[in-house]
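> Letter by letter, the chains look like this.
Number of protein chains: 2
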Amino acid sequence: PSKEDQLMVMREAPHLLKFADESFSPSNEEELLLAYHETNKITLAKTYFDCKEYDRAAHVLKGCNSWKATFIKLYSMYIGGDKRKEEESDGILGQNNSNNNFYCNKNIPVIVKELETLEHHKLNSNSHLLCLYGIVLLENKNSTEGQEVLFKSLVLNPFNWSCWLELLSSFTSFSEATVYLNKFYKALQTSFEYRIMLLFFKVTVNQVFFQSSEEINSDLATLSAIFPCFSYLNAQKALIAYNMLDYNNAEVLFDQILLSDPLRLDDLDTYSNILYVME
Amino acid sequence: PSKEDQLMVMREAPHLLKFADESFSPSNEEELLLAYHETNKITLAKTYFDCKEYDRAAHVLKGCNSWKATFIKLYSMYIGGDKRKEEESDGILGQNNSNNNFYCNKNIPVIVKELETLEHHKLNSNSHLLCLYGIVLLENKNSTEGQEVLFKSLVLNPFNWSCWLELLSSFTSFSEATVYLNKFYKALQTSFEYRIMLLFFKVTVNQVFFQSSEEINSDLATLSAIFPCFSYLNAQKALIAYNMLDYNNAEVLFDQILLSDPLRLDDLDTYSNILYVME
Numbered sequence: 302p303s304k305e306d307q308l309m310v311m312r313e314a315p316h317l318l319k320f321a322d323e324s325f326s327p328s329n330e331e332e333l334l335l336a337y338h339e340t341n342k343i344t345l346a347k348t349y350f351d352c353k354e355y356d357r358a359a360h361v362l363k364g365c366n367s368w369k370a371t372f373i374k375l376y377s378m379y380i381g382g383d384k385r386k387e388e389e390s391d392g393i394l395g396q397n398n399s400n401n402n403f404y405c406n407k408n409i410p411v412i413v414k415e416l417e418t419l420e421h422h423k424l425n426s427n428s429h430l431l432c433l434y435g436i437v438l439l440e441n442k443n444s445t446e447g448q449e450v451l452f453k454s455l456v457l458n459p460f461n462w463s464c465w466l467e468l469l470s471s472f473t474s475f476s477e478a479t480v481y482l483n484k485f486y487k488a489l490q491t492s493f494e495y496r497i498m499l500l501f502f503k504v505t506v507n508q509v510f511f512q513s514s515e516e517i518n519s520d521l522a523t524l525s526a527i528f529p530c531f532s533y534l535n536a537q538k539a540l541i542a543y544n545m546l547d548y549n550n551a552e553v554l555f556d557q558i559l560l561s562d563p564l565r566l567d568d569l570d571t572y573s574n575i576l577y578v579m580e
Numbered sequence: 302p303s304k305e306d307q308l309m310v311m312r313e314a315p316h317l318l319k320f321a322d323e324s325f326s327p328s329n330e331e332e333l334l335l336a337y338h339e340t341n342k343i344t345l346a347k348t349y350f351d352c353k354e355y356d357r358a359a360h361v362l363k364g365c366n367s368w369k370a371t372f373i374k375l376y377s378m379y380i381g382g383d384k385r386k387e388e389e390s391d392g393i394l395g396q397n398n399s400n401n402n403f404y405c406n407k408n409i410p411v412i413v414k415e416l417e418t419l420e421h422h423k424l425n426s427n428s429h430l431l432c433l434y435g436i437v438l439l440e441n442k443n444s445t446e447g448q449e450v451l452f453k454s455l456v457l458n459p460f461n462w463s464c465w466l467e468l469l470s471s472f473t474s475f476s477e478a479t480v481y482l483n484k485f486y487k488a489l490q491t492s493f494e495y496r497i498m499l500l501f502f503k504v505t506v507n508q509v510f511f512q513s514s515e516e517i518n519s520d521l522a523t524l525s526a527i528f529p530c531f532s533y534l535n536a537q538k539a540l541i542a543y544n545m546l547d548y549n550n551a552e553v554l555f556d557q558i559l560l561s562d563p564l565r566l567d568d569l570d571t572y573s574n575i576l577y578v579m580e
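Each protein sequence line maps, in turn, to chains E and C. Okay, so the first sequence: first residue is 302 according to the working numbering, each after it adds one. Okay, so the second sequence: first residue is 302 according to the working numbering, each after it adds one.
Please note: incorrect hints may appear among the correct ones.
Since the list can't tell identical chains apart, any single copy or any two copies may satisfy a pair.
BS3-like mimics (lysine-lysine), calculated; alpha carbons at most 27 Å apart, straight line [what the hints assert, rightly or not]: (1) Lys-453 with Lys-353; (2) Lys-487 with Lys-386; (3) Lys-414 with Lys-347; (4) Lys-363 with Lys-414; (5) Lys-453 with Lys-423; (6) Lys-384 with Lys-347; (7) Lys-453 with Lys-442.
Worth flagging that the hints you see were computed from the coordinates, not collected in a lab.
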């Protein structure tokens with residue numbers, strides 16, 4: 302759903318795309334030249350990645366030095382390691398949780414090491430590499446540093462919804478989330494589009510931590526005026542109503558979502574719960 | 302492997318890409334305008350498709366009329382129906398074969414009907430729609446017409462390797478394949494790139510039907526001169542050697558492939574067989 306949500310935003314506001322792309326485009330001559338020379342390998346690796354051949358994708362890019370190649374290589378290693386972890390734990394519930402270190406993503410130490418040997422400037426100016434670094438830091442139980450790195454990534458490129466969700470999943474309390482919301486408010490006031498992304502995050506944070514207020518309702522109204530048909534937004538409204546035990550309103554909202562987007566599966570467990578409770 | 306092979310060709314000869322793209326680009330003002338108005342829906346549908354939500358992809362494009370939207374909608378329905386067939390047959394071997402009509406792709410009748418109601422001109426000028434039409438005709442046991450439609454698609458766009466493979470899989474004998482090889486020889490002499498694709502097909506056809514000749518060796522040499530590091534080509538050489546019971550040569554060739562492309566899995570069953578026989 303994260304990728305989907307991201308593209309939903311792009312559908313509703315295609316002009317945002319140029320911002321999303323900028324963070325990946327080379328900002329200096331050296332990277333431009335490197336990426337140009339590595340174009341063929343990068344294309345091949347992306348194809349392997351799409352075919353879910355993560356090890357081959359990483360293998361093809363060995364020795365490449367552009368940001369783009371480095372990111373695809375390390376991200377392939379991360380996803381490949383995750384896939385192997387799933388296979389090894391054989392889908393047994395509880396074997397994957399954080400208290401069990403037997404089944405883990407064995408590529409993470411290599412990824413961390415390579416990210417740490419990158420030039421400081423190179424890492425800190427690329428939102429994708431920073432996002433991956435944040436994710437592996439969180440998996441290494443290094444929450445504080447991981448959150449800080451995800452924050453940096455989002456300040457560079459606020460249109461990476463997956464990155465927001467990774468940060469959100471690292472919060473253990475609403476007050477912890479509030480600290481970051483305030484940090485983002487200081488950092489992301491530069492453009493209208495940045496503020497919109499922050500508003501999406503704010504609404505989601507409040508929903509996830511069972512908060513509701515006049516302020517959030519007004520934020521929801523602001524976003525709905527811009528994206529009137531966006532199922533994700535309407536689902537946040539429904540979930541907030543549900544969290545406030547306002548089942549009638551939640552049901553009406555879910556009915557509308559199902560009408561406009563009948564094959565959407567997200568949050569339908571909550572809808573089913575509402576129908577059961579109201580019977 | 303088909304998508305991979307296709308992109309391998311692109312890697313080795315990126316100038317071919319512009320030909321591959323042309324077949325999808327609108328050839329008239331009307332389509333240009335239609336596709337422009339449907340851009341957002343098409344983007345959303347492609348994202349659903351990438352997330353394997355085939356039903357949603359098809360649903361989003363209901364009522365769209367551009368070639369591009371029509372193709373993505375019908376192809377999503379085809380893949381979605383195929384996925385459901387797999388799930389229903391629950392992976393039981395033998396339940397999927399051609400003598401059993403209980404488990405079938407239930408979307409095919411709708412796809413065929415919609416393709417048949419398209420304007421004749423529209424269908425016949427779009428290689429992607431033709432390719433899909435050929436595939437569903439073959440699944441409907443309509444081999445002769447299906448082969449003819451795939452042939453038309455390939456004449457329009459010879460860079461769709463999946464389409465060549467669909468045609469190949471429909472041949473029941475080498476003489477049947479030869480008839481089509483000759484037809485292609487008449488139709489695809491127009492450009493160097495077209496002839497290269499035909500040469501790939503010719504070599505593969507000969508390999509699959511256990512043929513070997515001086516002519517095929519010379520074709521292989523021609524292709525190898527253009528694509529010296531292409532694993533697919535080297536694998537065809539190895540398989541032809543294997544088919545001719547020349548196990549020594551086949552083993553040497555497979556050793557080279559594994560050295561240059563160590564994570565490639567295709568055809569390794571044959572390699573394992575060679576090692577077993579030669580022990």
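> For every hint, state whether the structure bears it out.
Hint check results:
In this assembly of identical chains, Lys-453 and Lys-353 lie within 27 Å of each other by CA distance neither inside one copy nor across copies; the values are 29 Å within and 32 Å between. For the homomeric pair Lys-487 and Lys-386, neither the shortest alpha-carbon distance inside one copy (39 Å) nor that between copies (53 Å) is at most 27 Å. In this homomeric assembly, Lys-414 and Lys-347 come within 27 Å of each other (Cα to Cα) only inside a single copy, at 23 Å, whereas the closest approach across copies is 36 Å. Proximity of Lys-363 and Lys-414 under a CA criterion of 27 Å is satisfied intra-copy only: 15 Å inside one chain copy versus 49 Å between copies.
Taking the shortest Cα distances, Lys-453 and Lys-423 sit within 27 Å of each other inside one copy (13 Å), while across copies they are farther apart (50 Å). Taking the closest pair of Cα atoms, Lys-384 and Lys-347 come within 27 Å of each other both inside a single copy (17 Å) and across two copies (24 Å). Within a single copy, Lys-453 and Lys-442 get their C-alpha atoms as close as 18 Å, which meets the 27 Å cut-off; across copies the closest is 58 Å, which misses it.
Taken one by one, the earlier hints fail for this structure at numbers 1, 2, listed in ascending order.
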